[in-house]
Amino acid sequence: MDLHEMVGAYALHALDDDDARRFEEHLAHCDECQAELASLEGALDALAEPGDDESAVAPVSLHASVFDEIAHTTQVSAPEPTTAPDSPAEPASLDAARASAARRPRRLGPRLLVAAAGLLAVVAVGVGFFASGADERALADEAERVRTADDSIEYALGLGAATLHVSQAEGGVALIGDTPDLPDGETYQVWVVPADGSAPVPGPVLGDGELALAWITELDGAAAVAISVEPEGGSETPTEVVTAVEL
Amino acid sequence: MERRHLHAVSDDVPRVSRHEPDATAAQSLDDLLAASGRGSAQAFEGVYSAMATPVYRLALRIVRDPGMAEDIAQEALVEAWRKAPEFQPGRGSAKTWMLTIAHRRAVDRVRREQRQRQQMETEAAVAEREATPADQDTVVEVDFRRWQSERVRGALDTLTDIQREAIELAYYGGCTQTEVAAQLGVPLGTTKTRIRDGMKRLRDALEEG
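Chains as they are written, first to last, in the working numbering: chain S, 1 to 247; chain E, 1 to 209.
If you are wondering where the hints come from, they were derived from the structure by calculation, not from laboratory data. Please read these numbers as outputs of a predicted model, since none were measured by experiment. Glycine included, each C-beta is placed from N, C-alpha and C at the ideal position. Hints may contain errors.
Chain S is faced by these chain E residues, among others (derived, beta-carbon under 8 Å) [said to hold, decoys possible]:
{"no.": "1", "residue": "Ala41"}
{"no.": "2", "residue": "Gly154"}
{"no.": "3", "residue": "Thr176"}
One chain only, chain S, in its complex shape (with noise of 0.2 Å):
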């Protein structure tokens, strides 16, 4: 198969996750595809131009809900400015923004999950972890080893300010910042989705708020680590998975 074909169609994000991983590993080295989805940035901003009777405007309350999350979303850090001799040419800016777009958590359907869940008992520990205030100290220690380990990778969740890392060094994953409230009874729950089909692994509970937990866990043939909203005390099998992120 061809893989330059398919350039436009992914500048009009027209490829399917399969194929856009493809055409990216692609891109990377072929410096055709780069300069030809440059090329099409006026074209992409031309489409996007609002049409002769459009008038909509942005609500007002799209300000406060934007600068709110802003104040305490944490920025990624800048890219290095140096690349290696033999690492293929940068990309342009368009083609940046893709490629981080491709590191964006990707929010599986629940369709993966269900039908993942069918397949393997699982022996359920939804374990409740503030227990103490020395507890919730060594979880947040545990949680910035993790962040701070050598290969840790920090994931965006589109969930309030909090942020996922994993390091397969350490062994696990920490959740780290400020979630979305929750109504009385409810509370976010942690699963390792395995590549394999069987079914996702439970993890630990947490609350709404701020908090820095750490989940030290089997990450061998994990697929992507979800997030669910269950009612309080956690479940077996994910309830409501609100963001997924492939790993």
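Put chain E on the given structure of chain S with help from the hints.
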């Protein structure tokens, strides 16, 4: 930053912030987004006032629901703030960069809703696997033309019908190339080529116009 000559900053002008350029001065959107990337929420106010409506309108065109469009606009603007440190002025415009984020978010939403709808519609996972997404699409004729400015409509008119329809279904309809192929009844390979050629032709027509 060659532009910032030392003598350009006069000492007796009160500065709003010691670290950031004054966001109230006339600055290009690119500069404002770059300053946002250094943590200036004030600069991001400028970005917001230039881009909130274009971002919202784009989202509205794709999801066609004001509440959902506001949601997507919020997500996209917050993502732009979060990723602003990655934006490099001079390597593409801030406007394209932000619209790319907004479009991606809107398309993701369309696909997610579609998946959820399909899931509700099908009982068994087996049946679900057998059904191709395009088969279940109700073909809704949407007039994409009203979403285009005169300039863009003129440029799109230079494309073949298949090229134009493929691009419209993908960009405004949030369809994947596979779905576009099914809706237009042409092979996937042909669809890819039509989209690619169409985008190049659109680019050239806009440059000429």
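Inset, instruction - Report the numbers of all earlier hints that the structure fails to satisfy, in ascending order. - result: 2
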